[in-house]
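> Sequence:
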Amino acid sequence: MNPSDKAQFKELCDGLCEAYSKDPMSQMGLRVYFEALKSYDLDQVITAASKHLADTKHGTFFPKVADLIRCIEGGEVTTDEVISAARLKNTPFGIMCRKHIGHWDLEHQTDMFYLKQRAQECIDLLPEWKVKAIAGEYSDHDISIMLKYGVNPTSPFRNGLPRPQNMEALKDRCKQIEQSPRHQFLIEKPYEETEGDKLLEADKSVSTFLAKLD
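In this note's numbering, the protein residues as written are 1 to 214.
No lab work stands behind these hints, which were simulated from the structure alone.
Where hints are given, some of them may not hold.
[What the hints assert, rightly or not] BS3-like, lysine-lysine: derived pairs with alpha carbons at most 27 Å apart:
#1 Lys175 to Lys132
#2 Lys171 to Lys89
#3 Lys171 to Lys132
#4 Lys38 to Lys22
Please model the complete structure; the sequences and the hints are all you need to start from.
Written as structure tokens, this is what we have:
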């Protein structure tokens, strides 16, 4: 949300107070709610408020910020959802999970206990990833892997989250990375996605040894 949305946001909060027979929120209360929810679109917040009102389990109480976020993002992420997203590799969230768990483990690992441990690591990293995603501050390697799988880095990180704030700058970075030799190397070497941000090239001693074989 932007500062220009504050008037409508106040109307929404006033409407919620009326629905729950509460006194209107104070200026400080409105400010706290707005600051906590400003990374979401106003339409998302309005929809979340409607979902909360209709929720037979949680909707009997005035919504806290956490209730609205739960309605927007769909509740807590499970390890099964992480593994599924990593295998589907069609969202930035799925790509980040795939990068962390690793291609081989996702495609060949049969020990589900181990896979779920790795998936839990992704859940633990999720708050950090969400901040990075909303700010559009992916690493070059993150972007390169997303592009390799046809995932747009400017798309929402996962369902319910807003698009990155610096979309235009992120688009420019995507174009530069897509044309870089390093990205082309990644395309040619499809299983190098867990290499992190280090240079994807052979050690000098290896190159020297190979040259002697020619």
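> All hints, please: hold or fail.
Hint by hint, here is what the structure shows:
1. Lys175 to Lys132: With Cα atoms ~19 Å apart, Lys175 and Lys132 stay inside 27 Å; holds.
2. Lys171 to Lys89: holds, 20 Å
3. Lys171 to Lys132: holds, 16 Å
4. Lys38 to Lys22: Holds. Lys38 to Lys22 sits at ~23 Å (cutoff 27 Å).
In this structure, none of the earlier numbered hints is contradicted; all agree with it.
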